[in-house]
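There are 2 protein chains.
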Amino acid sequence: MLDKLLVKDLMTKDVLTVDKEVETVFAFEELMKNKISAMPVLDGEKMVGIVTATDLGHNLILDNYQFGTKVKSVMVTDVACVSPENTLKEAVCVMFDKAPGENIINQLPVVEDGKLIGILSDGDIIKAIKNEF
Amino acid sequence: MLDKLLVKDLMTKDVLTVDKEVETVFAFEELMKNKISAMPVLDGEKMVGIVTATDLGHNLILDNYQFGTKVKSVMVTDVACVSPENTLKEAVCVMFDKAPGENIINQLPVVEDGKLIGILSDGDIIKAIKNEF
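Each protein sequence line maps, in turn, to chains A and B.
For what it's worth, the working numbering labels the leading residue of the first sequence as 17, then goes sequentially.
For what it's worth, the working numbering labels the leading residue of the second sequence as 17, then goes sequentially.
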């Protein structure tokens, strides 16, 4: 059953991350080159935030950032996360509950014992559905 | 059952589109402002292509486009579409089959009698899953 699947079985383990000292323009390039919509931000090994392609792209294209602005100045620090033992149902609820209005959060970092071990994206969930059909 | 749901019951009917003569930079701004990842391109009422935030963002940030480049010059013209009567299962298969490698297509225009009547996104599918739980 779909709702009983666990985050650890669906998540992408090879997570693209960015250091908090990287400039926003380079973080955005990295997101675009890898065709992903969000990247956790690290301070050493600790996840301290997340940046999304939508936020960075919007602000870069409108010249809202000063030259050299780093991701640590603009990242979202209140990151919606899940645990590897959460069910798909629980993860989908987090995607909705932590997003404003009708939106959903497309990427949920997966954290175990304070350490980032994966990311669960909408794409991962659609793959799971495909396998259930 | 999830696999029996129809595209017409899940799709977003209020589709944001862009005219083929619009400049890429303005199309990208529109995508970012509305936090969406792709927009069908219209020539009058006819859909002639699609542009994605990933493609436009990547090329704009790297200065790959000449000043004033219009969406008609860079849009994808071989658009993966679905019909409103397709099942969710069929739509998910299109998302996988028409994308390169391990990727999926996040947005499928919904076309009836040659006319664009909606768009089915990964977010719409995740909403459907949530309602099934």
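Honestly, the hints are just simulated from the structure, not real lab data.
One should not assume that every hint holds.
Copies of the same chain look alike in the list, so a pair counts if it fits in one copy or across any two.
Here are the simulated SDA-like pairs of lysine to any residue, each with C-alpha atoms no more than 20 Å apart in a straight line [to be verified]:
hint, residue 1, residue 2
1, K51, P116
2, K146, D19
3, K29, E118
4, K51, G84
5, K51, N75
6, K24, N75
7, K105, A144
8, K131, Y81
9, K105, D59
10, K131, P116
11, K146, D79
12, K62, H74
13, K146, F83
14, K86, N119
15, K51, D79
16, K131, H74
Here is what the structure says about each hint:
Taking identical chains as interchangeable, the C-alpha atoms of K51 and P116 lie at most 20 Å apart only when they sit on different chains, with a minimum of 12 Å there against 24 Å within one chain. For a Cα distance limit of 20 Å, the shortest separation of K146 from D19 qualifies both inside one copy, at 14 Å, and across copies, at 9 Å. Proximity of K29 and E118 under a CA criterion of 20 Å is satisfied inter-copy only: 14 Å between copies versus 28 Å inside one chain copy. Taking the closest pair of Cα atoms, K51 and G84 never come within 20 Å of each other, the shortest separation being 23 Å inside a single copy and 24 Å across copies.
Both within a single protomer and between protomers do K51 and N75 lie at most 20 Å apart by alpha-carbon distance, with minima of 18 Å and 12 Å respectively. Taking the shortest Cα distances, K24 and N75 never come within 20 Å of each other, neither inside one copy (34 Å) nor across copies (34 Å). Proximity of K105 and A144 under a CA criterion of 20 Å is satisfied in both settings, with 12 Å inside one chain copy and 12 Å between copies. Proximity of K131 to Y81 under the C-alpha cut-off of 20 Å is found in neither arrangement, the shortest distances being 30 Å within a copy and 40 Å between copies.
Taking the closest pair of Cα atoms, K105 and D59 never come within 20 Å of each other, the shortest separation being 30 Å inside a single copy and 41 Å across copies. Taking identical chains as interchangeable, the C-alpha atoms of K131 and P116 are never at most 20 Å apart, the minima being 26 Å within one chain and 32 Å between chains. In this assembly of identical chains, K146 and D79 lie within 20 Å of each other by CA distance neither inside one copy nor across copies; the values are 41 Å within and 38 Å between. For the homomeric pair K62 and H74, neither the shortest alpha-carbon distance inside one copy (27 Å) nor that between copies (28 Å) is at most 20 Å.
In this homomeric assembly, K146 and F83 never come within 20 Å of each other (Cα to Cα): the closest approach is 44 Å inside a single copy and 42 Å across copies. For the identical chains of this complex, K86 and N119 are neighbours neither inside a copy (26 Å) nor across copies (29 Å), given an alpha-carbon limit of 20 Å. Within a single copy, K51 and D79 get their C-alpha atoms only as close as 22 Å, which misses the 20 Å cut-off; across copies the closest is 17 Å, which meets it. Neither within a single protomer nor between protomers do K131 and H74 lie at most 20 Å apart by alpha-carbon distance, with minima of 30 Å and 30 Å respectively.
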